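**Student:** Sequence:
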Amino acid sequence: MGSSDEDEEAVKTHNDSTTAQNKNENSSQSARMLIGNSINTVSDVINDNIIIARYTCFSTIALLTAYGMFKTPLFHRYKSISEIPSTHFSNRKTIHGRIVHVAENTYSTNHEKGAEQPIVCLIRQLSPVGRLLNKASFNYMVNVNPSSQVVDSKGDLRNAKDLLKVEIAGIKQPPFYYNQGQEGVNDWINTLASKHTRVSCTLLSRRIEKPKVQNDGSLDHESISLSNNKQERGVRESISGEQEQTAIAKITYRPGASIFRTDLASSLLQHGRANTAAGLHVEMPSHKTIDGSTNLGDMEADVKYLENLAQKEFEAVKRKKGMWQNEDIRESRQDLVKEADFEENATIFQKLWRRLKGD
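Taken in order, the sequence shown gives residues 1 to 359; the numbers are from UniProt numbering.
There could be a bad hint or two in this list.
[To be verified] When the alpha-carbon atoms are kept at most 20 Å apart in a straight line, the in silico PhoX-like pairs for lysine-lysine are as follows:
hint: 1; residue 1: K165; residue 2: K93
hint: 2; residue 1: K93; residue 2: K135
hint: 3; residue 1: K320; residue 2: K172
hint: 4; residue 1: K288; residue 2: K172
hint: 5; residue 1: K304; residue 2: K321
hint: 6; residue 1: K318; residue 2: K357
hint: 7; residue 1: K321; residue 2: K338
hint: 8; residue 1: K288; residue 2: K210
hint: 9; residue 1: K165; residue 2: K79
hint: 10; residue 1: K161; residue 2: K79
hint: 11; residue 1: K135; residue 2: K210
hint: 12; residue 1: K195; residue 2: K210
hint: 13; residue 1: K79; residue 2: K93
hint: 14; residue 1: K165; residue 2: K288
hint: 15; residue 1: K304; residue 2: K172
hint: 16; residue 1: K288; residue 2: K318
hint: 17; residue 1: K321; residue 2: K172
hint: 18; residue 1: K165; residue 2: K210
hint: 19; residue 1: K338; residue 2: K320
[What the hints assert, rightly or not] Pair by pair, the computed Cβ-Cβ distance ranges are:
hint: 20; residue 1: A346; residue 2: S200; range: 38 to 44 Å
hint: 21; residue 1: E315; residue 2: K210; range: 17 to 23 Å
hint: 22; residue 1: K135; residue 2: I35; range: 28 to 34 Å
hint: 23; residue 1: E83; residue 2: I35; range: 57 to 63 Å
hint: 24; residue 1: V129; residue 2: S332; range: 29 to 35 Å
These are computed hints drawn from the structure, not numbers from a lab. If you're wondering where the values come from, they're calculated on a predicted model, not measured in any experiment. Beta carbons are placed, not taken as given, at the ideal position from N, Cα and C, and that holds for glycine.
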């Protein structure tokens with residue numbers, strides 16, 4: 001009897017163990033099925049909406065790219081002279097761009113008619129990424145964006161909103177002249193503009209309008225205000241965003257296939273396409289210049305630069321380049337022409353005797 005009871009107990013224990021094992025297996029299978037079904041459901045949703053997912057991804061990339069174009073330094077460019085910090089002028093920073101137009105009679109107001117006129121270029125500054133674009137890419141960008149088109153089909157200016165007005169330092173507009181069969185005033189530099197020539201501008205100073213004087217002799221306080229940011233500007237008059245501003249700069253470009261940059265003012269002078277100014281900029285009664293460097297080394301470099309420009313003009317007079325072929329022009333500058341003729345035609349003894357006399 002004892003042996004039968006033990007056998008029954010063993011059978012019962014085995015059955016209970018088998019039942020528990022079956023329950024565990026069923027539970028494990030249910031969990032796997034649940035996970036598998038969930039994955040299948042997610043896969044079905046993705047497959048059913050794959051086009052939406054793709055467009056969402058592309059839209060996100062496009063939005064991030066657009067954000068980068070307007071917010072990151074890689075795509076930043078100045079759209080007006082008023083946006084350029086004063087320190088860029090005092091430290092003589094260089095900005096890069098493409099010349100797209102040459103302004104004519106920029107300061108020809110009633111009380112300044114007949115006065116000397118600077119040569120002012122309208123330049124589209126290039127962002128770091130924009131500098132990587134070749135001319136064809138730049139032209140395409142301008143053509144597809146109506147707001148970037150600054151000239152119409154006739155070459156007339158129609159939109160200068162995002163362009164920098166940059167005055168070429170050290171030179172001024174030549175007087176009107178006509179040489180039959182040859183280029184006229186500004187023809188050559190207008191060609192540079194039509195080709196969207198790439199240029200580099202070393203900023204020297206900023207030209208702004210002088211505060212207007214009211215009838216009672218007081219200043220128009222709407223046109224000036226005191227700057228609160230002393231670290232950047234110091235205690236001086238700030239510039240209203242409404243004020244017309246022009247940067248005075250040394251401009252360089254690469255002629256043809258040259259790998260070396262050429263000073264634009266020097267090039268204009270040596271080919272008889274401009275005259276030297278009395279200083280780094282043409283004086284305008286209704287304007288003043290600010291933000292220039294006060295560093296002694298910079299001022300000494302400016303003196304040497306102006307001397308070099310004067311020598312370029314003198315060589316053009318001697319060789320009768322450009323406007324110096326015109327007799328009316330030569331007649332108007334007899335002092336310079338006589339000196340050039342003497343330098344060109346005098347003998348060594350005549351030049352030596354002149355030096356001994358101290359003339």
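**Student:** Are the hints correct? Go through all of them and say.
**Tutor:** Hints, verified against the model:
{"no.": "1", "hint": "K165 - K93", "result": "holds (16 Å)"}
{"no.": "2", "hint": "K93 - K135", "result": "violated (24 Å)"}
{"no.": "3", "hint": "K320 - K172", "result": "holds (19 Å)"}
{"no.": "4", "hint": "K288 - K172", "result": "holds (17 Å)"}
{"no.": "5", "hint": "K304 - K321", "result": "violated (23 Å)"}
{"no.": "6", "hint": "K318 - K357", "result": "violated (23 Å)"}
{"no.": "7", "hint": "K321 - K338", "result": "holds (16 Å)"}
{"no.": "8", "hint": "K288 - K210", "result": "holds (6 Å)"}
{"no.": "9", "hint": "K165 - K79", "result": "holds (10 Å)"}
{"no.": "10", "hint": "K161 - K79", "result": "holds (8 Å)"}
{"no.": "11", "hint": "K135 - K210", "result": "violated (38 Å)"}
{"no.": "12", "hint": "K195 - K210", "result": "violated (35 Å)"}
{"no.": "13", "hint": "K79 - K93", "result": "holds (16 Å)"}
{"no.": "14", "hint": "K165 - K288", "result": "holds (15 Å)"}
{"no.": "15", "hint": "K304 - K172", "result": "holds (18 Å)"}
{"no.": "16", "hint": "K288 - K318", "result": "violated (35 Å)"}
{"no.": "17", "hint": "K321 - K172", "result": "holds (17 Å)"}
{"no.": "18", "hint": "K165 - K210", "result": "holds (18 Å)"}
{"no.": "19", "hint": "K338 - K320", "result": "holds (13 Å)"}
{"no.": "20", "hint": "A346 - S200: 38 to 44 Å", "result": "holds (40 Å)"}
{"no.": "21", "hint": "E315 - K210: 17 to 23 Å", "result": "violated (37 Å)"}
{"no.": "22", "hint": "K135 - I35: 28 to 34 Å", "result": "violated (60 Å)"}
{"no.": "23", "hint": "E83 - I35: 57 to 63 Å", "result": "holds (59 Å)"}
{"no.": "24", "hint": "V129 - S332: 29 to 35 Å", "result": "violated (48 Å)"}
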